[in-house]
Structure formats: structure tokens, C-alpha cells
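The task is to assemble the complex, starting from two chains supplied on their own in separate frames and drawing on the hints.
In case you want the letters, here they are:
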Amino acid sequence: MLRLEHVAWTTPDGDQIVRDIDLTIGNGKLVVITGPNGSGKTSLVKLVAGIMEPTSGRIYLDGEDITDADVTERAKKGIAYAFQQPVKFKGMTVKDMLELAAGEDMPFVNVCGLLGKVGLCAEEYIDRELSGSLSGGESKRIEIATVLARNAKLSIFDEPEAGIDLWSFTRLVETFQELQNEQKGTLLVISHQERILSIADEIVVIADGVVEKAGPRDEILPQLLAQPHMACCPQGKREIW
Amino acid sequence: MNKITETLMRIVSEYDGDLKGAYNIREDGGCAARQSTENIKIESKEDKPGLEVHIKAGTKGETVSIPACVTRGGVDDLVYNDFFVGEDADVTIVAGCGVHTDDGGDARHNGIHRFFLAKGAKVLYTEKHVGTGEGTGKKSIDPVTEIFMEEDSVLEMDTVQIRGVDRSVRKTSATLAARAKLVVRERIMTDGEDFAQTDFDVVLNGEDSGADLVSRSVARGKSRQVFNSWMRGMNRCTGHSECDAILANDANVVAAPALEADHVDAELIHEAAIGKIAGEQILKLRTLGLTEEEAEEKIISGFLK
Chain E
1 MLRLEHVAWT TPDGDQIVRD IDLTIGNGKL VVITGPNGSG KTSLVKLVAG
51 IMEPTSGRIY LDGEDITDAD VTERAKKGIA YAFQQPVKFK GMTVKDMLEL
101 AAGEDMPFVN VCGLLGKVGL CAEEYIDREL SGSLSGGESK RIEIATVLAR
151 NAKLSIFDEP EAGIDLWSFT RLVETFQELQ NEQKGTLLVI SHQERILSIA
201 DEIVVIADGV VEKAGPRDEI LPQLLAQPHM ACCPQGKREI W
Chain W
1001 MNKITETLMR IVSEYDGDLK GAYNIREDGG CAARQSTENI KIESKEDKPG
1051 LEVHIKAGTK GETVSIPACV TRGGVDDLVY NDFFVGEDAD VTIVAGCGVH
1101 TDDGGDARHN GIHRFFLAKG AKVLYTEKHV GTGEGTGKKS IDPVTEIFME
1151 EDSVLEMDTV QIRGVDRSVR KTSATLAARA KLVVRERIMT DGEDFAQTDF
1201 DVVLNGEDSG ADLVSRSVAR GKSRQVFNSW MRGMNRCTGH SECDAILAND
1251 ANVVAAPALE ADHVDAELIH EAAIGKIAGE QILKLRTLGL TEEEAEEKII
1301 SGFLK
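Chains as they are written, first to last, in this note's numbering: chain E, 1 to 241; chain W, 1001 to 1305.
Keep in mind that the hints are not guaranteed to be accurate.
What the hints assert, rightly or not - Restraint ranges, calculated between C-beta atoms of paired labels, are given here:
# : chain 1 : residue 1 : chain 2 : residue 2 : range
1 : W       : C1031     : E       : E73       : 55 to 61 angstroms
2 : E       : P12       : W       : N1249     : 48 to 54 angstroms
3 : E       : E73       : W       : D1082     : 54 to 60 angstroms
4 : W       : Q1035     : E       : D127      : 32 to 38 angstroms
Claimed, not checked - Within a straight-line C-alpha distance of at most 25 angstroms, the following computed BS3-like cross-link-like pairs (lysine-lysine) qualify:
# : chain 1 : residue 1 : chain 2 : residue 2
5 : W       : K1298     : E       : K95
6 : E       : K76       : W       : K1298
7 : E       : K88       : W       : K1041
8 : E       : K95       : W       : K1305
9 : E       : K88       : W       : K1276
Derived by calculation from the structure, the hints in this document are not laboratory data. Each residue gets a CB set at the ideal place from its N, CA and C atoms; glycine is no exception.
Bound conformation, chain W alone (with noise of 0.2 angstroms):
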């Protein structure tokens, strides 16, 4: 594992020199370092590059990291990871993504990631995503994620793009049976010329089911956002999607939400906020003793918290 690597980890996953519980590293299209436990099996896939994730039935309490890391301009990574969640486990999984360039090669990590929760079953899935280095090419990160949860099942994802990252789309869909809960935190922050595209396609199929999708965004600069979400009730459910967006200078912010009810009993809700800082909340904080400008970051880190 490189020096790049090394940093950038320490940014987007829990390593502090080291990584407790099951783990993969991935460092520029290849494994650096990898460990199972006696619960968490990870295994390369043989098809395609990629890994198998198995999580055994009734584990509790453990943490899988999948940190990737791109450290130099001139690679496109692709990976497929596939997350098989046993029966009423409770796990963690990280999967924290760094890109690096200081030459003018691009450097892209595309990470399509697929989540299989069993009935009872629950994650907290958290995703920093991080751009580096002086270089001038282009540091892109697009993540697909695709979750099916069945009966009673719930997983909940934060999901942060730190900064630096030039050009983004996220993908996430998900499918949920009875009962099953996902909850969905994204945070964004873009400056410069960076663009940004999230997309979630949500079906809500089983009866009792609930999705909570909040994304918090700020665009800066003349960085672009586009936001866009489906969500659909299929059946007795109850499903809200929020879309806050903070914009300054010449940035851009797109929110495209939609809303399908196909049942008389789903509940849909959709939010959505774009504008710049409250000149109120500027105001507030300066009766406490901040200036504009230390206002306006404190009121930018609290809304990305």
C-alpha cells in the first residue's frame, strides 16, 4: 500500500494505521491487503473484477471496510462488489473512496455495489467520497449502488462527498419487501467547475415499508448539482424525500424529484429548498460575535454535518 493510499484512507475510512474486522483494501485497480473473520467472508469474483461479501446469519457487530483508492492519473477502476447479508445480522460496512492525480492523466474509481439483505437484517452503510492532488486531470467518482431488502430488513446509508471530487453520478436504487426500512444521508459539497448528479430510484413493493432519503447539498463556485428522485409506493408504505441545497456565487442546483403512488394507502412526501444562506442567519451568528465569513462556514459545515 503507497503513501497516497495511506492518506487517503485515513480520510474516507476508519484507519488509523489499521483496520479492525473484515477488510479489502483496493489500491489502484488491484488488492493491497485484505481479511476475513470467521463471520465475514470475502472472496474475489471470478467473472469480473470484484469481490463476494458474506455475511454470515446473526452476526453482530462487526465491520466490513472496502476502502478504494485511485492514487494517480491514468486509471479508470471498476469494480463489482456484491454484499450478501445473512438473516438478522447487524454489521457495518465502509466503503470509503479516495481519487489522487498530481499529473495531468484522469483518475476515476467506478464502484457498482450491490447489497442482498435477508429478512431481519441491518446495516449501516456509510460512503466518504475524496479528490486529491494538484494535478490537472480529472478526478471522477461514480457510484452505483443497488439494494434488495427483504421482509423486515433495514439499512441505513450516510453517504459524504467531501471535496475535490471534479465529476460525480451517483446511482442508487433499491427494492423493498414488508416491513423493511432504508434511510438514505447524502451530503454534498462542490466548488469550481465540479458537477455532481445523484439519482435514486426507490420502489417500495412490501406492505409496511418506509424510505427516508435526505440529501443535503452546497454548491459553490460555478459547480453544478442535479438531484434526482422516484420513488415509488407500491403498496401500503410511507416514503419521504428531502433535497436541501445551499447555492453561492454562480453554482447551479437541479431538483428533479418525482413521486409514483400505485396503492391508496402509500404515503409519499417529497421536500425540496434551493437558495443561499439566510442573510437572518448570516445576521444571527454575527450578534454572537462571528464575522460573515466565519457565519457563513459555520453555517455550511453545520448543514453538511
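Okay, chain E solo, but in the shape it has when bound (with noise of 0.2 angstroms):
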């Protein structure tokens, strides 16, 4: 279970991004974080991963206090990161990444296994240099894919449908939910993609940094769907924001 009790982060500018947060997420569960731009989303999940240092409240993974585990403690303590801009390595292969990800070698058969949940060919990725000649839609892939490899307690994606093409975007759906379905870890996803809000247990709204509203998706969801602006909204990739 994470809990997070009056999570707060303030810039060095003075500017509150993420203020007075207290939310809990239980086991096994697929929570969605959404709420508009510059809301405190991202921010908030940094926080979690130990990649940002929270100005004030403590946060707890299975009763654990990990507020004060750096980065690399909370990747071995459970907690995956999947980057909403993917970073680029020269040199370093999918295969590589993949590995270190995993900690361990990996058979070709399971870098296809892995590499399939998000829409890629194995035969055509493996080797590939994760640089420049990847497309964007592509190393978000591989990102997401980096994170599954990990088999982690708590998987946190940020915004992972963007750049992807409405294929890969179904593919990724029907891999949150065969997660979701095993059970295996939490599923901590930011997005405002319709179709991911609709297969969340739970959703929590964020609004100028603080919990706007959470709770099951059949009280939150209707809710969202009834903004105004919903309406003109083609069906497929349907943002809520």
C-alpha cells in the first residue's frame, strides 16, 4: 500500500506545485491520476519515485516510511518509473535496457514477451541503439516496456499514451489490464486518455495541486464525462482535459 500524508512540494521560486496531498492507494490496484496541465501530476508521481524531495509530509510504501529514500533505495524497494520523455542512450540496446531493467539476462523469448505488450516486434527492436534513431512513439514503447520488465510493487507511468498511434494505444490498454487482472503490483498511471480512465479501479483528480476529488471509477468517471467540453470530443483517443 502507499500512502502519501500531507505531501507538499514547493519550488525553489516559491511556487506551490503539490500542496498538503494525503491519498492512499491500496495493492494491486490500477489508480489513474488525471487532472489538467500543470496541475502538479507529474510533480506528484516524482515525488513518489524519490526523483523529487517533497518540501513537507512523509510517504509510506507497505508501512515503511521511504520519504527520505533517495531515488535508487525506492527501485529497490519496489517503485518503477516510466518517464513521460524518455531518455536516449547511445551505445545502450533495447536488449541492454531491458536487462538492466530486469536485472537479470533475458532470453529472446521474453524480450518478445515484453516487447509485445506494447505493440513492438522483438526480431525488429532487440538490438536496436536506444538513440536518435528511435522514433518518439517508438522509445515511449520501449520505455513502458523497460518498466514492465521490472515486475515492480508499485509501476508508475506518466502519461503513457502520448506519441503512441491508436494501435500501440490499444495494445497498452489491454496490457494495464492483464496487469490489473494479475494482480501482481499497483498500477499508478497519469492520464487523461478515456479509455485508461475507464479501466481504473480508482481515479484521483488533481486541480492546482491538491486532490480535487478520488474514489471508484463509476463515481468519478461520470462525473468527469460530464464536462461540458466532453461533447464535441471524437470517440477512440478522448481526452478528458
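Dropping the structure here:
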């Protein structure tokens, strides 16, 4: 279980990005965090992953206070994080990265299984370099596969849908559902997509750095879909915000 | 062959107690062992130190190894090796070099290699350089590689300076005829007070010739590196050169690329980037459970792979 108690983060310039957030996320749940751009969603999950340090408040993972643990320690405790903008590595191949993430050598069949979950063919990508030769969408899917490779206690995905095509997006939604059904770990996903929101166990809406509302999908999603601007959005990759 | 040579050869060549194919082992300026094959003949030059290696036309899948080792201070080895690769041959040439000194004397190897590729010949040329030993003498390797490529020939050059070489100046020049292709992959690591300089001079003379030069280096400590490349397109051709360097500590890297197009259909590109390891790269690997130090090592080893 992940528990945040009065977590806040203020920039050195004094801007309050995350304000006094209390949140509890149960094990095995798929929780989607949504909200307008600039509302503090990414900052919040970075605080959970240890990429940023809260200015106040405490963070607990399975009852253990991890507030003072750095990013490496939190990774070792079972937190995985998929970056919104994947990082490039010259010389490092897709296989190298997946093996680093898994912490062991991986046979081809395992690499194939992982890349298949994000709609990529292993034969085509396994030896590709994580450099500029990959498109933004390809990099994004490999970044997601990296997190899947970790089999983490808590996997965090920051806008996994950004930059990927509709077919891959469909495959990604299926993968989240598979993970959700297997209940191997908790999934914390930042998304604006109706299709991801519609498979969530719980939805947390962040606005202006605070939790505006949170609760079961069936309670929160209808409220979001009833927002006036949603009426004109096309189906498929419909965005809430 | 002494023990130091054996150790160096295991690092810089495919030696595992034995070498396969044609070979010549050079130790402290002399010949320690040599073997020719039916298709590859190795002979000593008569006018100066070095070898003439003749590879018969049509030879396929054979390897020529010419490791050179300097195993003590006070040796300044200079050698001239010429390779004549016959038409449509397809071979691998391994030219590793190790320098070692346990005393105060300098150890230096300077190999001047010339490659003459006949029409349709294909060569994979690998070159590993290493310096070892605790002596205070300077360990230097200064290779000169001159490449002459006839029509439709292909040369892939894979060169690595692993560690421990105090000073190296490598000069590589190539002249390409029609449809000839040159691929160079260079990786260099310097540390401490090391100095490494690379000079490329490639002339794309022939129609549809092409060259792709990629140099990746890591400069640590107070080491210095200089990368000079000059690529000249004299015909319809394609050329790409890339210099990427990771900088750490108080190291210094200079990249001075130059392109010259003397034909309207010459397409030449250069890319150069110098900088420290990106913080986001370290952060990404830390989210996988690596420490900052482990992440740095992983990034560097991947970069130089």
C-alpha cells in the first residue's frame, strides 16, 4: 500500500506545485491520476518515485516510511517509473536496457513477450540502439516495456499514451488490463485518456496541486465525462482534459 | 614469445593460446612467430622493417592476425606493413597492439599500415590498443593507416583504444574509387594525463562512393583528446562523420570536423557532440536500482561498446 501524508512540494522560487496531499492507494489496484495540465500530477508521482524530494509530508510504502530514501533505494524497494519523455542512450540497445531493468539476462522469448505487450516486434527492435534512430512513439513504448520488465511492487506511468499510435494505444490498454487482472502489483498511471480512465479501479483528480476528488471509477468518471467540453470530442483516443 | 606478449595478445587479438589462419607476431621489434596459408602469404620487407601481406583474389572467410607488442621500456618500434587484398577477397585483418613498461623507459609502437583493396575486395579490419605496466615510462601508440580502395571494394575498420595508453596520435587516410564503401568505428578512452589525437582524411573520388566515420570517446581525469576529420566529396557520393565525446572531471576535448564538396551531388554530413553524461541518463538508470556510480559506468561502457 502507498500512503501519502500531507505531501507538499514548493519550487525554490516559492511556487506551491503540490499542496498538502493525503492519498492512499491499495495494493493490486490500477489507479489513474488525471487533471488539467500544470496541476501537479507529474510532480506528485516524481515525489513518490524519489526523483524529487517533498518539502513537507511523509510517504509510506507498505507501512515503511520511504520519504528519506533516494531514487535508487526506492527502486530497490519496488518502485518503477516510466518517464514521460524517454531518455536516449547512445550505444545501449533495447535488450541492454530491458536486462538492466529486469536485473538479469533475458532470453529472446522473454524480450519478445515484453515488447509484444507494447506492440513492438522483438526481432526488429532487440538490437536497436536507444538513440535518435528510434521515433518518439517507439522510444515511449520501449520505456513502458522497461517498467514492465521490472515486475515492480508499484509501477508508475506518466502519460503512457503520449506520442503513440492508436493501435499501440489499444495494445497498451490491454496490457494494463492484463496486469490489473493478474494483480501482481499496483499501477499508478497519469492519463487524460477516457479509455485508460474507464479501466481504472480508482480515479484521482488533481487540480492546482490538491486532490480535487478521488474515488471509485464508477463514481468519478461520469462526473468527468459530464464536463461541457467533452461533448465535441471524437471517440477512440478521447481526452478528458 | 614472452609472458607479457602473451598477456597483451589475449587482450588485443583473438589469441587464446593459439592463432588461427595467417599471422605474424611482433615482439619488441622482432618477429616472434609467423605463419602463412595457401591464400595468404606474409613476407618480410627487404628495404625497411615490416611486412608485405598478399591475399589472393577470391579468398573468403580467412583471417590475418598481426599483433605487435612492446614489452619493456626503451623500445621504440617502427614498422611498415602493406596489405594487398586481391579482387573479390573477403577477409578479416586483426592488428592489435599492446605496449608495456615496468621501468622508467618509454615504450612506443608506431605501425604504418597501408591497405590496397582491389576491385570488389571486402575487409573487416579490427585494431585494439592497450597500455599496461606500472613503470613511469610513457606508453605510446601512433598508428598510421593509409587505405586505397578500388571500385566496389568495402572496408570496415573497427578501432578501440581500451586503456593505459599515455599518448596516441592516429592518422587514417583513405581514397575511394567508384562504389567503394568505407566504414570506420572508433572508440577511445583516456584518463589521467593521457593524450589522444585522431586525424581522418577521406577522399571520395569515385561516383557513388561512400564513407561513414563514427568516433565515440570518453575523456576523464585531466586527459586531452583532439578529433580532426576532413572528408572530401569529389564526385557524386555520400559521406557522414560523427564525433561524440563524453567529458568528465577536468578533461578537454577538441572536435574539428571539416567537409569539402567539390561536386554538386556530393552529400556530406557531420555531427559532433561533446558533453558530460546527461543527468537524466543517470536518473533513468537510478530508477532501475543502480547507484549513481554504477549508472555512470553502465552509460560509459554502453557508449564505447
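Hints, one by one, checked against the model:
1. Look at C1031/W against E73/E: about 58 angstroms separates their beta carbons, and that is inside 55 to 61 angstroms.
2. Taken as a hint, the range 48 to 54 angstroms is violated for the pair P12/E and N1249/W, whose Cβ atoms sit roughly 28 angstroms apart.
3. At about 59 angstroms, the CB distance of E73/E to D1082/W agrees with the hint of 54 to 60 angstroms.
4. At roughly 35 angstroms, the beta-carbon separation of Q1035/W and D127/E lies within the given 32 to 38 angstroms, and the hint holds.
5. Of the pairs offered as hints, the one joining K1298/W and K95/E holds, with about 14 angstroms between alpha carbons and a cut-off of 25 angstroms not exceeded.
6. Between the alpha carbons of K76/E and K1298/W the distance comes to roughly 17 angstroms, so the proposed pair stays at or under 25 angstroms and holds.
7. Distance restraint check for K88/E and K1041/W: the Cα-Cα separation of roughly 47 angstroms exceeds the 25 angstroms cut-off, and the hinted pair is therefore not satisfied.
8. In summary, the hint linking K95/E to K1305/W is supported, as the alpha carbons are separated by about 14 angstroms, within the 25 angstroms threshold.
9. A distance of roughly 14 angstroms separates the Cα atoms of K88/E and K1276/W; the hinted pair therefore holds under the 25 angstroms criterion.
In this structure, the earlier hints numbered 2, 7 are contradicted, and the remaining ones agree with it.
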